[in-house]
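Q: Residue-level listing of the chains:
There are 2 protein chains.
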Amino acid sequence: MKDEADLLQWLPSIAFFGGLEVPTLQRIIAMLGVHHVVPEQEVCRQGEAGRALYLVRSGEVLVWREDEHGRRVKLVRLGPGEFFGEMALIDIQKRSASVTATRPALLYSLGTRDLLTLYNDDVPGYVMVIQNLARELSRRLRVTNARLHQLAADDEDEATLIRPAVSRRPR
Amino acid sequence: MKDEADLLQWLPSIAFFGGLEVPTLQRIIAMLGVHHVVPEQEVCRQGEAGRALYLVRSGEVLVWREDEHGRRVKLVRLGPGEFFGEMALIDIQKRSASVTATRPALLYSLGTRDLLTLYNDDVPGYVMVIQNLARELSRRLRVTNARLHQLAADDEDEATLIRPAVSRRPR
Chain A
1 MKDEADLLQW LPSIAFFGGL EVPTLQRIIA MLGVHHVVPE QEVCRQGEAG
51 RALYLVRSGE VLVWREDEHG RRVKLVRLGP GEFFGEMALI DIQKRSASVT
101 ATRPALLYSL GTRDLLTLYN DDVPGYVMVI QNLARELSRR LRVTNARLHQ
151 LAADDEDEAT LIRPAVSRRP R
Chain B
1 MKDEADLLQW LPSIAFFGGL EVPTLQRIIA MLGVHHVVPE QEVCRQGEAG
51 RALYLVRSGE VLVWREDEHG RRVKLVRLGP GEFFGEMALI DIQKRSASVT
101 ATRPALLYSL GTRDLLTLYN DDVPGYVMVI QNLARELSRR LRVTNARLHQ
151 LAADDEDEAT LIRPAVSRRP R
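These protein sequences, in sequence, are chains A and B.
With my numbering, the residue at position 139 of the first sequence is 139, and numbering never jumps.
With my numbering, the residue at position 105 of the second sequence is 105, and numbering never jumps.
In case anyone wonders, no lab produced these hints; they're calculated from the structure.
Be aware that one or more of the hints could be misleading.
[Stated by the list, open to error] Just a few of them, taken from the derived set where beta-carbon distance is under 10 Å, the chain A residues facing chain B:
(1) M1
(2) Q131
(3) L148
Note that beta-carbon positions come from the ideal geometry of N, C-alpha and C, so glycine has one too.
Next comes chain A alone, as it looks inside the complex (with noise of 0.2 Å):
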């Protein structure tokens, strides 16, 4: 069950989700896949194809990698109003972490077909989540970008030799 009531309002506090019109709200509503989990439950797993964004709207989950040696390497925990594999609705490519819930946790998810589905009936609201998705993209390049400068700084030796991903060759 979707109280649709509580996401018309809560919605729109997510980046994604900003500066939608009611009836697009309502779409999204109704296509999102409801998903209530236990602790210790996987939510997705690194190396799986993605084919959705999970939004947190209560409990908690860990994101989490394997590194090379086989150990689980604790990334961040994201609560209420966080959201998680933002990137599979726009690029399809396996999962970079593995997400598993720490808490009781509702969780909402919305498929690549469901962004289809809005294309198709609902033009100018897709328009909306996808460049809502593209600033929040830019935003976090911001973020790792200085992220990577300020390691850099840290060993100046190294700072011409780090190559930020400003660009790539046409393939």
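Given the coordinates of chain A, work out where chain B should sit on it, guided by the hints.
A: The following block gives chain B in isolation, referenced to the frame of chain A:
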């Protein structure tokens, strides 16, 4: 002067303009700004508001930053087929780096206003460009995240301290 025949062939080889129909490419070509720059000439400056994407058709430019001590840190050299400033198209923010020509170069620019015009005139073409942009940002984010994970793995104690920009709390 723009060489439309050359641009029609060249643009689709760039990640951004992949998959576009010829009429959309022609619209975009008509919008492109043309910039002939000479060595030492500045193309954009760190801290300025960015309002355009630049494509390098020929020649070479250097991307560099000024660190907190006023030192010039070289980041990357970009040649034919590479581009910079694309985050400005979706998220008007201060330029995170400066760009200066190192060889005589021919650059094309596409501004945020041009993209708005494309949206008004050719929604499917606009959607394709925004999707390409988001996909490109997503690819880069995977690269920079992988680099941060690698740096974290080099210092195992810090591994759990580095918070990748997996998500952010809603505003």
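Q: None of the hints should be skipped; say for each whether it holds.
A: Here is what the structure says about each hint:
1. Against a cut-off of 10 Å between C-beta atoms, the interface hint on M1/A is violated, since the closest Cβ of chain B lies about 23 Å away.
2. This hint holds: Q131/A has a C-beta 6 Å from the nearest C-beta of chain B, less than the 10 Å allowed.
3. With a least beta-carbon distance of about 6 Å to chain B, the hint placing L148/A at the interface is held under the 10 Å criterion.
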